[in-house]
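Using the hints, position chain B with the ligand against chain A.
One line per chain: the protein sequences are A and B, in this order.
Per the numbering used here: the first sequence = residues 130 to 516.
Per the numbering used here: the second sequence = residues 67 to 223.
Please note that a few of the clues may not be correct.
Unchecked claim - Taking lysine to any residue pairs in the SDA-like style, the calculated list, with each CA pair at most 25 angstroms apart, reads:
#1 K162(A) x P125(B)
#2 K162(A) x C133(B)
#3 K144(A) x C133(B)
#4 K249(A) x S213(B)
#5 K80(B) x K144(A)
#6 K144(A) x E99(B)
#7 K269(A) x H287(A)
Stated by the list, open to error - Away from chain A, derived, C-beta distances all over 12 angstroms, residues of chain B:
#8 E89
#9 A97
#10 R132
#11 E139
#12 Q162
#13 D165
#14 K221
I should point out that these hints are in silico values taken from the structure, not numbers from a laboratory.
From the three backbone atoms N, C-alpha and C, an ideal C-beta is built for every residue, glycine too.
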Amino acid sequence: MGMRKVAVVGAGMTKFMRRAQETGRELAYQATKMALDSCEMTLDDIDSVALGTAPDAFDGVHMKGEYLSDGAGAWNKPYMRCYVGGGTGVFAAIQGWYQVASGLFDTCLVVCEEKMSSCKPHPQGAFLTIFDHTTERALKPNLIWIFALEMNRYMTVHGLEKKDIARVAVKNKRNALDHPCAQVAADITVEDVLNSEVLAWPVQRLDVSPTSDGAASMVLAAEHVAKRITDKPVWIKGVGWSLDTAYWTNRDLYYPKYVESAARMAYDMAGIKEPRKEIHVVEPYDPFDYKELHHLEGLLLCEKGEAPRLTADGVTARDGDMPVCPSGGLLGVGNPIAASGIMKLNEIFWQLRGEAGKRQVPGQPRTGLAQSWGDLMQVGCVVVLGI
Amino acid sequence: MSLIERLGTFGDAKVWYDNIPLESEYTVGIAGERFLRAIKDRGVILGTVCPACDLTYVPPSMYCERCFTQLDEWVELPAKGTVYTFTIVTRSLDGQALDEPEILAFVKLPGAHGGLVHRLTTAKPEDVEIGMEVEVVFKPQKEREGSILDIKGFKPT
Ligand SMILES: [Zn+2]
Numbered sequence: 130m131g132m133r134k135v136a137v138v139g140a141g142m143t144k145f146m147r148r149a150q151e152t153g154r155e156l157a158y159q160a161t162k163m164a165l166d167s168c169e170m171t172l173d174d175i176d177s178v179a180l181g182t183a184p185d186a187f188d189g190v191h192m193k194g195e196y197l198s199d200g201a202g203a204w205n206k207p208y209m210r211c212y213v214g215g216g217t218g219v220f221a222a223i224q225g226w227y228q229v230a231s232g233l234f235d236t237c238l239v240v241c242e243e244k245m246s247s248c249k250p251h252p253q254g255a256f257l258t259i260f261d262h263t264t265e266r267a268l269k270p271n272l273i274w275i276f277a278l279e280m281n282r283y284m285t286v287h288g289l290e291k292k293d294i295a296r297v298a299v300k301n302k303r304n305a306l307d308h309p310c311a312q313v314a315a316d317i318t319v320e321d322v323l324n325s326e327v328l329a330w331p332v333q334r335l336d337v338s339p340t341s342d343g344a345a346s347m348v349l350a351a352e353h354v355a356k357r358i359t360d361k362p363v364w365i366k367g368v369g370w371s372l373d374t375a376y377w378t379n380r381d382l383y384y385p386k387y388v389e390s391a392a393r394m395a396y397d398m399a400g401i402k403e404p405r406k407e408i409h410v411v412e413p414y415d416p417f418d419y420k421e422l423h424h425l426e427g428l429l430l431c432e433k434g435e436a437p438r439l440t441a442d443g444v445t446a447r448d449g450d451m452p453v454c455p456s457g458g459l460l461g462v463g464n465p466i467a468a469s470g471i472m473k474l475n476e477i478f479w480q481l482r483g484e485a486g487k488r489q490v491p492g493q494p495r496t497g498l499a500q501s502w503g504d505l506m507q508v509g510c511v512v513v514l515g516i
Numbered sequence: 067m068s069l070i071e072r073l074g075t076f077g078d079a080k081v082w083y084d085n086i087p088l089e090s091e092y093t094v095g096i097a098g099e100r101f102l103r104a105i106k107d108r109g110v111i112l113g114t115v116c117p118a119c120d121l122t123y124v125p126p127s128m129y130c131e132r133c134f135t136q137l138d139e140w141v142e143l144p145a146k147g148t149v150y151t152f153t154i155v156t157r158s159l160d161g162q163a164l165d166e167p168e169i170l171a172f173v174k175l176p177g178a179h180g181g182l183v184h185r186l187t188t189a190k191p192e193d194v195e196i197g198m199e200v201e202v203v204f205k206p207q208k209e210r211e212g213s214i215l216d217i218k219g220f221k222p223t
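So that you can see chain A by itself, here it is in the shape it has in the complex:
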């Protein structure tokens, strides 16, 4: 396609937390400074900045991209902000990727931030107004019950029980015990999930990721620069993204076709023919436990309806045959919307470099994938990384 190779050469993130004292700009700075320091680069080495952040309403700052720009290292640089709801994190990395792949710039910072604690009385109030103002908003939708409709459909089509899904929350919250930035790591059981408060059947309290404050950043570089910076570049092998209809009543809820489209685009670019064999570690988007299963199926990493069994069999455990969310995911590390997508990419970066510490999956993985999802539940964003 005439595009240049692009490497991830640095990664950083703040702790994810319920309520940060730092402003959004300060969070962006901390994550970005850490990413630059991790590869011994300075702002002078950076050509452009791609920022991702979700609804302005969370931080309570209109034109949040401009507000965050100096904390993201964008002073006096070409800068863009992108936004596809929950999918923003991985999408922002794709924006950064093509700035370098195109040959326009040699280096690009990708920065994602969210400060949801600013939003009162609850960030769900910001979600109310993402839906159609005439036909849906009158019913006071929130994401919990919208997702409950999708989860119920997924469970019913495949004949699943709640315990089949709860195992994901148990796995991810336990994995997060080893993540220094984790907000809601916990050693819980399936029973704990099944006994937690019902929010909107079948969604219960422990099925859901928290609201969070945090930021995460990565440094991208063209091949000739990456090789100067590090002897362990992690290459962006493939990217893909796709949007389905914004009218969620016009599509099958049990299967995320748009994630499949995004995955196929990324696999084609990466030359991946058999994803289940060629992807060694996976970070699918898991704001709800059933979404990890839903997305593994959409990513063609198992058959439709097969993901719960793989989970029960331990295949997706950190020491399993296909580790899924070794970071602890959004369910364990936390979910500052846009930042959580970069957290996932950073995890794959550290896993492929063998730098994930106690979270390191066995077997020296060579190829990994991060995926995010969001907008009106109809966007899939996929990045395949490899060494």
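Showing chain B with the ligand alone in chain A's frame:
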């Protein structure tokens, strides 16, 4: 031409009224906390210094936006400055005439590369000019709450 443009009143077309019901609670941040506490407790204006770029940030920032150094050097700046530019406002946010015009000025503080935007109090509009010397007027200490409005404004010296 849409229906609405052809109709004399909205009442003839179907509409749905709603709002975006949100409030925000903003932390003032790591640098902001120290800045506002100094105003509240001591009635002084603080800035942060980037030695590498030879810049002093007011309001203070925890980092230098140009070189990304974390800024740990804090300085107390004189509570006075020079009017860099100003305007005289005669209408409110929703377009109503104000009883009294309000003078807003961007004041450069000596030693800082930036400055503060605030009201210019006790000055007559016809007397204000760019370059005039002004000083900070703080509220009495017991009325301060740790807000930028603990500063009432600037007045001519
Ligand atoms: Zn500096």
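Item to complete: Please flag the earlier hints that this structure goes against, numbers listed from lowest up.
Response: Hints 5, 7, 8, 9, 10 are the ones this structure does not satisfy, whereas the remaining hints hold.
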